[in-house]
Amino acid sequence: MKRRWLIVALGAAVLIMFEARPAYAMHIMEGFLPPLWALFWFAVTIPFWVIGFRQLQRIVRDKPEVRLLLGFAAAFTFVLSALKLPSVTGSSSHPTGTGLGAILFGPWVMSVLGSIVLLFQALLIAHGGLTTLGANAFSMAVVGPFVAWLIWRGLAGRAPFWLVVFLAAALADLSTYVVTSLQLALAFPDPAGGILAAFAKFGAIFAVTQIPLAISEGILTVLIMNALQTNAAAELQALEIKGVRA
Amino acid sequence: MLRIIDQYAFANRLRAVDPIQKGAIAVATILLCLVLDRPLVGWLALAWMVMVTVWYARVPLRVAGAVIGAESVFLALSVIGIAVSVGNEPPAAALLAIPFGPLWLSATGASLQTALHVLSRALGSAAALNFLILTTPLIDLIELLRRLRAPALLIELMALSYRALFVLLDTLDQMVTAQTARLGYASWRATLRSSALLGSRLFIVAYQRSQALEVALTARGFAGELRVLPLSYTVDRQLWLIGGLIGASLV
Numbered sequence: 001m002k003r004r005w006l007i008v009a010l011g012a013a014v015l016i017m018f019e020a021r022p023a024y025a026m027h028i029m030e031g032f033l034p035p036l037w038a039l040f041w042f043a044v045t046i047p048f049w050v051i052g053f054r055q056l057q058r059i060v061r062d063k064p065e066v067r068l069l070l071g072f073a074a075a076f077t078f079v080l081s082a083l084k085l086p087s088v089t090g091s092s093s094h095p096t097g098t099g100l101g102a103i104l105f106g107p108w109v110m111s112v113l114g115s116i117v118l119l120f121q122a123l124l125i126a127h128g129g130l131t132t133l134g135a136n137a138f139s140m141a142v143v144g145p146f147v148a149w150l151i152w153r154g155l156a157g158r159a160p161f162w163l164v165v166f167l168a169a170a171l172a173d174l175s176t177y178v179v180t181s182l183q184l185a186l187a188f189p190d191p192a193g194g195i196l197a198a199f200a201k202f203g204a205i206f207a208v209t210q211i212p213l214a215i216s217e218g219i220l221t222v223l224i225m226n227a228l229q230t231n232a233a234a235e236l237q238a239l240e241i242k243g244v245r246a
Numbered sequence: 001m002l003r004i005i006d007q008y009a010f011a012n013r014l015r016a017v018d019p020i021q022k023g024a025i026a027v028a029t030i031l032l033c034l035v036l037d038r039p040l041v042g043w044l045a046l047a048w049m050v051m052v053t054v055w056y057a058r059v060p061l062r063v064a065g066a067v068i069g070a071e072s073v074f075l076a077l078s079v080i081g082i083a084v085s086v087g088n089e090p091p092a093a094a095l096l097a098i099p100f101g102p103l104w105l106s107a108t109g110a111s112l113q114t115a116l117h118v119l120s121r122a123l124g125s126a127a128a129l130n131f132l133i134l135t136t137p138l139i140d141l142i143e144l145l146r147r148l149r150a151p152a153l154l155i156e157l158m159a160l161s162y163r164a165l166f167v168l169l170d171t172l173d174q175m176v177t178a179q180t181a182r183l184g185y186a187s188w189r190a191t192l193r194s195s196a197l198l199g200s201r202l203f204i205v206a207y208q209r210s211q212a213l214e215v216a217l218t219a220r221g222f223a224g225e226l227r228v229l230p231l232s233y234t235v236d237r238q239l240w241l242i243g244g245l246i247g248a249s250l251v
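Protein sequence lines correspond, in order, to chains A and B.
Per the working numbering, numbering through the first sequence is continuous, rising by one, with the last residue being 246.
Per the working numbering, numbering through the second sequence is continuous, rising by one, with the last residue being 251.
These are computed hints drawn from the structure, not numbers from a lab.
Take the hints with a grain of salt, since some may be wrong.
[Claimed, not checked] Residues on chain B that point at chain A, a partial pick, calculated with CB under 8 Å:
{"#": "1", "residue": "L75"}
{"#": "2", "residue": "S85"}
{"#": "3", "residue": "R121"}
Here a beta-carbon is modelled for each residue, glycine too, at the ideal position from N, C-alpha and C.
Let the hints inform the model, and build the full structure from the sequences given.
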């Protein structure tokens, strides 16, 4: 009897995962992290914010007109994350845009812009939260963009263009997913198996949505970059993006 | 969801109240939820915050409910991860245990308690955050950050993106309608193709809009700083009283 109830509950959970379209499923919610961990992730993220912000200030001092473009860039990332993507499993998911942003604007700038986007998501659509902003910013605005950028820089010219873009975007998503699972596991270690078991557990829960998302976002980013090359070569060159053929 | 929250943020009864006041109450509640860290505090905060949002700020219950409902769905997922643990052998003191291939899924009384505990804490603080975002437009919160001496460039970037956001969102909607009318989302392949077109066109629109704005500002003597008049706010004594009561009851 007990087991039957559990199977029903598990079935309901799976249904929720597929049907509720967890749009920004990797955002850690307000109040979810214990205070110490929330503070810890702020402490980890703040150096990136400081360096990124200094860089932004330097860019704006040299070219004051760029600030308008930066504002639109943040808005673009936000709107991109509202795009509905067909996912491989049949449900739909939303891209994070961090891979594309890192390719277009660089990882330091993206760590500030991405955090603004995360703050907006918390304040405008109630995804994520204020006390968990440090943790979310670390996984989505720091690790994701840096992974994307390293791949983009490391592989550009050595592999086919589409493959580099795909890997940069898909691995940015995957690294975000791994880091968030790790953050949850560190805060809530498994009573039986410790942090490692908890990591596997949270990883398995989110794998259902995040792995298909990484693949579709990779494909989408390749298509966007291709379209940008044919339609917006002048704009890309104005941004001095390296590795793009004009 | 975005437009609904934004709409009520502008159209609720507490719109003119100083954002410092609303922010202080929300942040204090969140901090109390986190620091006191008792399940009862979380549930109480949830009840109080929903009540203040619905009765005092006059945000319809179905709106406040929809926001917190969307949050609880995601929360449920994460809480399952805390409640259930995975092991190689059948656990000793489990309340529930089912074999799953070679692995055992189990839930103990303690883990269920932790899960409920986290659930209450997160729901309480989420309700407090919802109170803030459903009663305060983002532009007021940016103004609040300016008064708290956040760097000028950051404030400006945020104000600009907030404005750009709705411009781009409207453009996006128009493009989606046009694409849908031409069967752009009729199949999986078409959807991917249309999404890619959408993303790249949106980038170009964003770029061109920012250039147009730059030209317009330069024509009006833009010297590298955007200044706007601050809004005037009222102070709601009754709300301080309610906030104090909530704080006292939580402690």
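- Violations among the numbered hints: none
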